[in-house]
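Turn these sequences into a full structure, and let the hints guide you.
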Amino acid sequence: MRYRVSSAVSHISEEFLESYSALPADEHLRADHRFRFRAFSEADVKGDLLRWEEDSTFFQSDEINDYAGGVHRKFAPLGGAARTFAERFVGSRVTREIVDAEEFRIGCHQIRITAADERPGLPAPEGFHQDGFDYVAVTCVATENVSGGISLVRENTPDGEHLVERTMPAGETLFLADREVQHYVSPITPKVPGLAAHRDVFVITFSLGETAR
1 MRYRVSSAVS HISEEFLESY SALPADEHLR ADHRFRFRAF SEADVKGDLL RWEEDSTFFQ
61 SDEINDYAGG VHRKFAPLGG AARTFAERFV GSRVTREIVD AEEFRIGCHQ IRITAADERP
121 GLPAPEGFHQ DGFDYVAVTC VATENVSGGI SLVRENTPDG EHLVERTMPA GETLFLADRE
181 VQHYVSPITP KVPGLAAHRD VFVITFSLGE TAR
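The sequence shown begins at 1 in the UniProt record's numbering and counts up one residue at a time.
It is worth saying that the hints were derived from the structure and are not from the lab. Mixed in with the good hints, there may be bad ones.
[Said to hold, decoys possible] Label-pair restraints from in silico Cβ distances:
id	residue 1	residue 2	range
1	D48	E27	31 to 39 angstroms
2	D117	D48	43 to 51 angstroms
3	G171	A76	18 to 26 angstroms
4	A76	A101	35 to 43 angstroms
5	E18	E180	20 to 28 angstroms
6	V5	G79	34 to 42 angstroms
On a predicted model such as this, the values are computed, not experimentally measured, just so you know. Glycine included, every Cβ here is placed at the ideal spot set by N, Cα and C.
Following this line, the structure appears as structure tokens:
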């Protein structure tokens with residue numbers, strides 16, 4: 001499997017949707033980039049047990065992420081509604097079928113990208129990329145007044161064949177075999193000028209056989 005599309009609609013609660021409005025700004029963007037709001041937590045999964053880390057730091061090498069890699073990034077932890085979504089998602093039949101492992105570590109990113117007339121939002125400012133994990137699951141949770149935000153997946157070469165090009169509807173999940181493909185999301189702008197726009201996603205990374213020390 002290089003990619004798979006599925007649905008996470010049944011895992012999304014009203015409380016979870018509302019929690020996006022309370023996300024703090026991502027302080028690790030460049031000075032002129034103020035379009036991302038974010039929370040992050042990690043957990044270890046062993047069989048049916050999921051244990052959240054109390055304090056999580058996100059790190060990617062600058063070889064993987066030349067935009068914000070090479071530094072240990074701290075974010076606000078996930079709230080209760082986001083953790084509940086992640087627990088339901090990770091425990092689902094589809095996820096377990098794809099991951100096919102009894103022990104793994106997850107990193108959960110709750111992200112809102114905003115846009116205004118004079119400022120597009122960049123879901124993937126680093127361009128086509130990999131995240132450095134075994135699997136990545138990207139769920140589009142909600143959008144408001146958004147134009148753009150097209151999800152693209154290509155083979156793992158700079159001129160690789162495009163495998164996916166789609167605008168994800170709310171509730172859809174795109175699973176990726178992260179070591180086999182590269183992915184990207186195009187900028188978003190307001191569909192109706194003068195009104196705010198945002199795109200809410202939840203990203204879960206999976207590291208197989210890896211758990212906390």
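A quick look at each hint next to the structure:
1. D48 <-> E27: 31 to 39 angstroms: holds (36 angstroms)
2. D117 <-> D48: 43 to 51 angstroms: holds (48 angstroms)
3. G171 <-> A76: 18 to 26 angstroms: Roughly 25 angstroms apart at Cβ, these two residues keep to the hinted range, so it holds.
4. A76 <-> A101: 35 to 43 angstroms: Check failed, 29 angstroms falls outside 35 to 43 angstroms.
5. E18 <-> E180: 20 to 28 angstroms: With Cβ atoms ~36 angstroms apart, the hint is violated.
6. V5 <-> G79: 34 to 42 angstroms: violated (27 angstroms)
In summary, the structure is inconsistent with hints 4, 5, 6 from the numbered list given earlier, while agreeing with the others.
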